[in-house]
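Which chain is which? The protein sequence lines are A and B, in order. Residue numbers are given in my numbering: position 277 of the first sequence equals residue 277, and the series is strictly consecutive. Residue numbers are given in my numbering: position 96 of the second sequence equals residue 96, and the series is strictly consecutive.
What the hints contain is simulated information worked out from the structure, not anything from laboratory work. Fair warning: this is a prediction, and the values are worked out from it, not measured in the lab. We treat Cβ as the ideally placed atom computed from N, Cα and C, and that holds for glycine. The reader is advised that the hints may include incorrect statements.
What the hints assert, rightly or not - Have a look at the derived ranges for each label pair, beta carbon to beta carbon:
id, chain 1, residue 1, chain 2, residue 2, range
1, B, Lys-299, A, Glu-627, 43 to 53 Å
2, A, Leu-229, B, Leu-135, 48 to 58 Å
3, A, Leu-226, B, Pro-92, 53 to 63 Å
4, A, Lys-337, B, Lys-299, 28 to 38 Å
5, A, Gln-415, B, Pro-92, 30 to 40 Å
6, B, Glu-143, A, Gln-373, 30 to 40 Å
7, B, Leu-169, A, Arg-359, 29 to 39 Å
8, B, Lys-299, A, Pro-437, 26 to 36 Å
9, B, Asn-76, A, Asn-84, 52 to 62 Å
As the list claims (entries may be wrong) - Cross-link-like lysine to any residue pairs, in silico, SDA-like; alpha carbons within 20 Å at most:
id, chain 1, residue 1, chain 2, residue 2
10, A, Lys-384, B, Pro-54
11, B, Lys-299, A, Tyr-386
12, A, Lys-384, B, Glu-56
13, A, Lys-360, B, Pro-239
14, A, Lys-363, B, Leu-237
15, A, Lys-337, B, Gly-88
16, A, Lys-305, A, Gly-338
17, B, Lys-415, B, Glu-337
18, A, Lys-360, B, Pro-35
19, A, Lys-417, B, Gln-53
20, A, Lys-384, B, Arg-52
21, A, Lys-337, B, Arg-84
22, A, Lys-363, B, Pro-35
23, B, Lys-299, A, Gly-385
24, A, Lys-384, B, Ile-241
25, A, Lys-337, A, Asn-313
26, A, Lys-417, B, Glu-56
27, A, Lys-417, B, Gln-295
28, A, Lys-384, B, Pro-239
29, A, Lys-384, B, Gln-53
30, A, Lys-384, B, Lys-299
31, A, Lys-658, A, His-679
32, A, Lys-360, B, Val-240
33, A, Lys-360, B, Leu-237
34, A, Lys-384, B, Leu-225
35, A, Lys-309, A, Ser-38
36, A, Lys-417, B, Ala-57
Given next are the chains, with one letter for each unit.
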Amino acid sequence: MSTQLNLTHTLFHGHHWRIEIDTLSIAWVTLDRADGSSNILNQSVLEELGELLPVLEKERPVGAIFRSGKKGGFIAGADIKEFNHFASVAQARDRIRSVRPLFCQLEALPFPTVAQISGFCLGGGLELALCCRFRVAEDSPATRLGLPEVKLGIHPGFGGTYRLPQLIGDLKALSLMLTGKTLSARQAKKIGLVDWLVPGRHLNRTALALIQKNPPPHQPPWIDRLPGLSPLRSVVAYFLRKKIEQKAPKVHYPAPHRIIDLWQESRFLSPRDALDQEIDSIAHLFMGNTSHNLIRLFHLGDRMKRLGKGGNNPTQRLHVIGAGVMGGDIAAWCAWKGLTVTLQDTQEEMIAGSLQRARKLFKRKTRDRRRIQAAMDRLIPDMKGYGVAKADVVIEAIFENLSAKQTLLSVLEPQLKHGAILASNTSSICLEEMAQPLQHPERLIGIHFFNPVALMPLIEIVVGKQSSQEAIQIGCSFATAIGRSPLPVKSGPGFLINRILMPYLFEGIQLVTEGVAPKEVDRAAQQFGMPMGPLALVDVVGLDICLSVARILNPNQSQPLPPLLETLVAQGHLGKKSGQGFYTYPGGKKAASRLKANRALPEDGSHRLFGALLNEAVACLSEGVVEDAALLDAGVVFGTGYAPFRGGPLQTIAQSTKELWLERLHQLQTAHGDRFTPHPGWETLNLPVPATFEESDNEHKNIRHHPPVAGQHPTGLIPGAH
Amino acid sequence: MNRPTHTQGHPSQRPVYVVDGSRTPFLTTRGRANPFSATDLAVAAGRPLLLRQPFEADALDEVILGCVIPAPDEVNIARVASLRLGCGPKTPAWTVQRNCASGMQALDTAVRNIQGGHAGLILAGGVDAMSRAPLQWRPELVEWMVNWRLTHGFFAKMRALSKLSPRYLRPVITLLKGLTDPTVGLSMGQTAEELAHRFDISRQAMDSFALESQNRLKQAQEEGLFEEEITPLFSPLGPVISQDQGLHPNSQMAKLAKLKPVFDRPTGLLTAGNSAQITDGACWLLLASQQMVEQWNLKPLGRISPASWAGLDPSQMGLGPAHAISELLLKENLPLEEVAYWEINEAFAAQVIACTEAMASPDYCQQALTGRTEPLGTIPRERLNVDGGAISLGHPVGASGARIVLHLLHTLRRKQAKRGVAALCIGGGQGGAMLAEAL
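Next comes chain B alone, as it looks inside the complex (with noise of 0.2 Å):
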């Protein structure tokens, strides 16, 4: 057992490390099941990572990860993947949800953990097979069959075979029904249209933030910026896969240009090329204490706060990410020019775009931000997203809370920077964000 014998300062004091970190590549699905459940792929990223380091798994105080969607064998995710990964019996692991920022969520309750000095060690992340999101019986079709076994007799049982309506064989998309918001009634998609036509952003502002996402990614790729991130994945149908799948090397305007509304048909804005990819992947980071640091003589990337978490309307899910980054900076008492680098998730660049104009927005800010008079101040796109985000590498839902600050702790040693934040929107309308900080 780590748990530290005896600990110095107030609880939010004490800081926590991010010690290492790994994911797998992210693989799109194009329709079909890809060969790796979600337990595979945080199995595929957790080993190397923890190959590499001094102790062994079993000396690990807890295991947290984040998953929106597992599947029915999987259903307490962490453990199965703790188990498989040979973090021993006596680990205690669990699984926690938020949906899209169920990576963050993970994390975050691994920081407090540790700050509260409940544990030295836990290995946190996040993880979704989304190619795998099943399909569901309809809920007539469940109704149907179980008269059919209540009834008897030859005419009864043709009558009720009468009542069978072809509609009912149309399965449920599960996926679909989780990107739908429950009580607006409005999908993801939907929600990022209604910011769409609040700020006025047009399709040609949304396709080119989506291009440059893909141009980011493409040059990052080029550069090997992800090769301490990425652990490349062994399929067991032959190919290596060591990149995010997501990327279209090709993009153009003109090609984006003519995609056609997925969401609002026929006139919306959002399409395929400028929202987020479903994509699978999974992402883990090595949290310790100062303690557990020094004991095992480690080389942290750097060092992360608690998520501030934020809620709004539902229907304006897409900017909870301003309403999460104000808390965080009035919480640390940071202006936003000190922050030197962003992650904020895209889940669709119509989205992305409201959130930078509402922090820079005078109105949206004073009337909708708790405690702001004055605007936030506008984060330069430079600096923001830096290596492509999640229309270009994909967005597996659980795992990108987790991935964005890994890649973000990269990008502040890579860049020798103090400060960055990463942050995402919530289905459901919440938003969260991440102070990380290096050393």
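The following block holds chain A by itself, in its conformation from the complex (with noise of 0.2 Å):
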């Protein structure tokens, strides 16, 4: 902001704001907060805010322009560490409440309010600024909008969800809160969410503008306010629950359900009621499950960005050995998030179809013709391998050989620079047994990424024997440099993830033999809450992948592989890929199963699944595999899509009792078998016991739901997933 202010005099100093002003009597409200590199609405900074709206109003200046003394953005939002304190409804209902003076006085003072934004304008933020009569928003793309309370499992408290839809229209605000969406700033000037657009070089001078000019406030066109309208609002109201339904079912997700609920009964209240009404809600919200847990999976996922900061040098160049689905994609990803990358294959075909498919990404990506061209730039296809030299990372992603890796790796090894690391994309061969070879096994450790690429948060960070710290923190810090969530697991068949969904699968192929729709199976997972069922999943994966993985998890054949997926291999219906496996696939979309179905789903077969699930997660847990239940869970929702209303698999055991499911397992094991036998583990598992909440609204639980369509991945609402 190198925009020249004539500041005449400060009239008000405080921790974190401050009221400078102008010689043209304009008030330069900046908020700067003391206590942290980003400006968020906490306790003290609201309080501050109620001792600073009297000031103004007072000294009733021409105007009043609010804007942020950091560089980072305008602000990020309410302080998410706070919610997790309140003890009650009530409390909740208090703390929320006190801020609704604040924003009704600043919304209401006597002349032009200009909130100036450049950066994050999140949550809270972007409630505080639609108090304001005006918006104007910096031209970059580091300009972002939007009110993602939904993703905790929330929606605004801050008179967002009555003050959005009178600015903007009421679809366009709904569909902004009930996908937590964020926006640009020019898709915001768009939807007219922001006054005026312009770069940060005429930011003040536009403030300023817009103080003298003071035009009419924005006022959405007739045609955004005719859904509001009384007749069409419950018609409008009872289509979007039926859709929200399909993607988020209330029992799982009330949130976006509560939004709708507000929007409607709006229309039939006096604004202050509207507004208390929002709180009432919010505050049932926060004692409910489903936000506790999103929540507590938003901190997880920062806690394991934060296990990639601290490493002195950034990744920033990556050499990829294999350009297979897996290969060109990371290569693809990781020339998207800044990385310059090299390429390697002995097939130019496998390049150049990387290539396509990189260019293919970017496209969906971005429009900008020249950031498409510079991540092409960035990723360049290196037949011969030069970029081994210069990389900081290398990876290897060939097809899963020892012995061609091992001689991979001790080809590289002699051409790495000083500080590089080796890493493998393996799934299944042992850390240990490839780093056999090197004159610095230390410096070998596993990058798991998962498929597709450039959806998935999480890269499991495999821990060999003899991998060190170092190498571990470089993997971690790469892992954060293309924004994905680290996470460290111990060298073992399956690591974590590919571990605990097997045991899943398996059960799910096993209803099938016995007679069980795919189907109907599926629709028993997604009840649950997964994003898709367990012989989806296995068709999308590929029948052929799943059944060497299992091999490779069980190598001495302890249980037997399902026969159905050895006989449907062999068939060579392999999944989506071939056009068959558990489904038909005409025209790659998925049909109905050719398989006989001749029973319904038995009684314990969602327990059966998730049984199956639970134990082995139990099981990895007490053989620490990862460091503790927390990352477990994290992963296993970030991994994997597991419900995160849940959770994750440990979360799920601790809420409905740690009991329940050892006894729910002893039955199973009685009608099935040993494979229900609970791991050892549960003995010693001791999982904090979570605060119990009444249930924020009990009327929904009796409430039909549809399930989720498949392939409709709910991790948008998963915080920190897009």
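Take each chain as given, in its own frame, and dock them per the hints.
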């Protein structure tokens, strides 16, 4: 903000806020939170706002411009940490209600007010901006506006559900709040959320001009106000509910449904009552398990990102060997995130295919041709492997063969520059064995990506016995550098994610073997909250891949592989890629299964699926595959899409009690055999007992709900998963 | 900054090394624009070249690129390519233009800058995407459009409309404009027809020269002789291109003889078969001073010297190489026989043949060349364009000058020969020649 302001004196100087008056008698109100690098609306900041507003009101400047003293953004939202401390609905309600008069006072100031937005303007921050008469935003990729509360299982609580529809129209506002999507400055301008959009160099001048011109505040055009008219409002609400129910069933995710309720009811309420309703509703949501679990996951995601902080040398250059689907997609994603990537393969067609897929990905990500070109320029085909000597991280993603990998690694090792690490994307080969021929085996770690790379937010950082702490640190910071959450896991068959998934997938296959329709099995899983059922997932992953992973997980065949899986693979039915697996895929779209079904899903069907999964999760925890229960939960949610609102497998156990699941396992063991024998880890399993909350609204318990459509990942609701 | 702090000897004695080089395959146009812009080609050729060096791209002191027809959005194409190659904002980059010798001009300038102690490491080369040469509106149409805008009222507009002749709508093909000499009004092909007439070169001699060019390229490709110099191109449309596309592997005299004349219809001698092909391509060379070679422990391919340039009658443009070679050999005090290998750019078969005849002709040498009383001598065909030339692999105008120098250096190394000369003719009546030496 280099435009010189002619400030004459400081009217108010608190810890966080200050008011300066310029020669035109315009008040420049700056928030520069004292104890942090970004602006958030915590209690102390809000209390000071309460002191500041009367000063401003008394001074009667020509206008007031609210801006941020931080480089990173305007206001990133309310303080999520404070959300955990509410003991009761009443307490939550009182805390949030104390903010309402402040925002109303700001809204009612008798002179023009401008929110000057650059960088993040999210949640409570945007709600504050909504109370200003005008909003001017910097036209920059860093500017993001939105109300993402729904991703934490709550909704806006500082008047956003009421004020936003009035500003930009009903449907636009609802869509913003229901999806929790954030908008770029240009998108925000388009829907009327910001009044003027200018480059950073004109921000101050523009805010001044708005005050001096003081045009009438933005109003949504009549067509956007139409759905809010009383005869239409309930019809619109009905269809919205129906649509939302498909993606986020009310029993699992109450918040979006409450947003629609609030909008529908606000029509007949005074502003004050509407705001009260909102506060009451969010206070209830805070006490529900869903928001508790989603907020916990949000913090865990933060914790995982922090694992990647602290390395002194950020990863800048990556060399990938093997331009197959995984290798190519890893290279493309990393180039997109700003690394210089060299991609090596012996077959030029493989590289060509990877570049094609990369271009498609970039085109999906942006319409800006220059950004696509820059990313393509960073992604360098490198048949001869020139990139190895300059790379900070070298990842091999060649076919799964121990001796081939050993040979490759020992050829690579002497070419590495000082401080660089070697990594394998293997999902099945033992890291320690791979490291054997190396001079410096401590340089080798596993970096295990999930397919599709561009969508899956988790990376397993596989720690071999020989891996050094430095190598692990570099691996974690590499993951963070490409916008992914690193999860350090112990080297061992299947690591964490595949190992936990496999018994669940097999149980699904077992049910189909017993004559249950795949659709029935998948529906049970989706009702539990999985984004996609086990059989649909096997089809997407590939039956052959599942079979080979199964063989690795279970080398001595202590448990027989499902014969049905072997038969299908032998017949060439490999899943979606071959056009048929458990379902058929005419034209690439999922259609009915050809497998004969002769019985309905047994009553214990769902318990069988998730008993198997939870038992394996307990086994992983007790064997120390991950550091602690919280990381295991976060890993499984981010890595598999495991019902986020349940907070992860161990959280599921904790919340419905360990005893209940143990008893279920014992019953299953009696009925179906030893694969359900509880792992000895259950005895020592000591999960922190989560605070038991009152159910936010018992009325939705009995509502029949539609399972989410397979393939529509509700990970949109996972914080940080976008 | 790599600027040498101390330089020894007279500038002309300071060696300039070619450390490495890389080019794209040359792409034929077949009438349609290729999916690569000229900058795309330059970036594709330059990335692996810089990647395999021990220094980072921003260690370069300068980037110089020859280009005849950069697109309107890449006017200083060297700078665009330099930035996209990651050479960083602080590395200056500029574009040079001397028609068909633009690539050689870039090398020449780089050599002189290194010799003069102004730079230590320079990326120099040439590029052109001829398939993307734009079509233009005719001046008559532009004039008409201005009038249309200034006319008001229905009847006036109608009158203006009646003046729009369909002829105005025929676009100007800028590529053809560029290939026509504006002072003598001859197309490049017509200047070569002039030479064929003057030196009495038969259609058969041209066709057999062209066939030999095709055969040599074919054999060189089969032997993998371009492996070190070509970087495969990954097309956004899918296929990987790893060889020059101009090769017609089934060329035969009979087929060449059937082709119709293209420049002087109906009885001219020059055809599409015995002329250079219109192509797209890029070629870079990395040049370094002695000090840089030592500092980075580089393993150079060879050395090059500043180019010799000569001018002549524009209608005799194709003889440019003879004049430039004559000057070069005089300057270096070298008899022709001491040069082991020759690359004379094959703009037209007739023009290369005319050059060799002119250099062997006592009359021509005495009358037309400065400082010659004796003929220069005969260049044996087996030492000239040993792996094919522009007739078979194409002539992206800006890039050819750099390509022949790079290929000459590889040839010298492979044949363990000492010295070679690369030369080309330049539209407008000039010639350029450059001496390359193995280490």
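For each hint, the structure was consulted:
1. B/Lys-299 to A/Glu-627: 43 to 53 Å: Since the Cβ atoms of B/Lys-299 and A/Glu-627 sit about 49 Å apart, the hinted range of 43 to 53 Å holds.
2. A/Leu-229 to B/Leu-135: 48 to 58 Å: Given about 55 Å between the Cβ atoms, the range holds.
3. A/Leu-226 to B/Pro-92: 53 to 63 Å: Holds, at about 59 Å.
4. A/Lys-337 to B/Lys-299: 28 to 38 Å: Cβ of A/Lys-337 to Cβ of B/Lys-299: about 35 Å, so the range 28 to 38 Å holds.
5. A/Gln-415 to B/Pro-92: 30 to 40 Å: 32 Å, holds
6. B/Glu-143 to A/Gln-373: 30 to 40 Å: Since the Cβ atoms of B/Glu-143 and A/Gln-373 sit about 37 Å apart, the hinted range of 30 to 40 Å holds.
7. B/Leu-169 to A/Arg-359: 29 to 39 Å: 36 Å, holds
8. B/Lys-299 to A/Pro-437: 26 to 36 Å: Holds, since B/Lys-299 and A/Pro-437 (Cβ atoms, about 29 Å apart) stay within the stated range.
9. B/Asn-76 to A/Asn-84: 52 to 62 Å: Holds: the Cβ-Cβ distance is about 58 Å, inside 52 to 62 Å.
10. A/Lys-384 to B/Pro-54: Answer holds: A/Lys-384 to B/Pro-54 is near 15 Å, not above 20 Å.
11. B/Lys-299 to A/Tyr-386: 16 Å, holds
12. A/Lys-384 to B/Glu-56: It holds: about 18 Å lies between the C-alpha atoms, which stays within 20 Å.
13. A/Lys-360 to B/Pro-239: Holds, at roughly 16 Å.
14. A/Lys-363 to B/Leu-237: The hint holds at about 14 Å.
15. A/Lys-337 to B/Gly-88: This hinted pair holds, its Cα atoms lying about 19 Å apart.
16. A/Lys-305 to A/Gly-338: 18 Å, holds
17. B/Lys-415 to B/Glu-337: 16 Å, holds
18. A/Lys-360 to B/Pro-35: Given that 20 Å is the threshold and the Cα spacing comes to 16 Å, the pair holds.
19. A/Lys-417 to B/Gln-53: Between A/Lys-417 and B/Gln-53 the Cα gap is close to 14 Å, so the pair holds against 20 Å.
20. A/Lys-384 to B/Arg-52: 9 Å, holds
21. A/Lys-337 to B/Arg-84: Holds, because 17 Å separates the two Cα atoms, which is no more than 20 Å.
22. A/Lys-363 to B/Pro-35: Holds - the C-alpha atoms of B/Pro-35 and A/Lys-363 are around 16 Å apart, at most 20 Å.
23. B/Lys-299 to A/Gly-385: 19 Å, holds
24. A/Lys-384 to B/Ile-241: Distance of about 16 Å is within 20 Å: holds.
25. A/Lys-337 to A/Asn-313: 17 Å, holds
26. A/Lys-417 to B/Glu-56: Holds, at about 14 Å.
27. A/Lys-417 to B/Gln-295: Answer holds: A/Lys-417 to B/Gln-295 is near 18 Å, not above 20 Å.
28. A/Lys-384 to B/Pro-239: This hinted pair holds, its Cα atoms lying about 19 Å apart.
29. A/Lys-384 to B/Gln-53: This hinted pair holds, its Cα atoms lying about 13 Å apart.
30. A/Lys-384 to B/Lys-299: 18 Å, holds
31. A/Lys-658 to A/His-679: 13 Å, holds
32. A/Lys-360 to B/Val-240: This hinted pair holds, its Cα atoms lying about 17 Å apart.
33. A/Lys-360 to B/Leu-237: Between A/Lys-360 and B/Leu-237 the Cα gap is close to 11 Å, so the pair holds against 20 Å.
34. A/Lys-384 to B/Leu-225: Holds, at roughly 17 Å.
35. A/Lys-309 to A/Ser-38: 17 Å, holds
36. A/Lys-417 to B/Ala-57: Holds. A/Lys-417 to B/Ala-57 sits at ~17 Å (cutoff 20 Å).
In the structure shown, no violation is registered for any of the earlier numbered hints.
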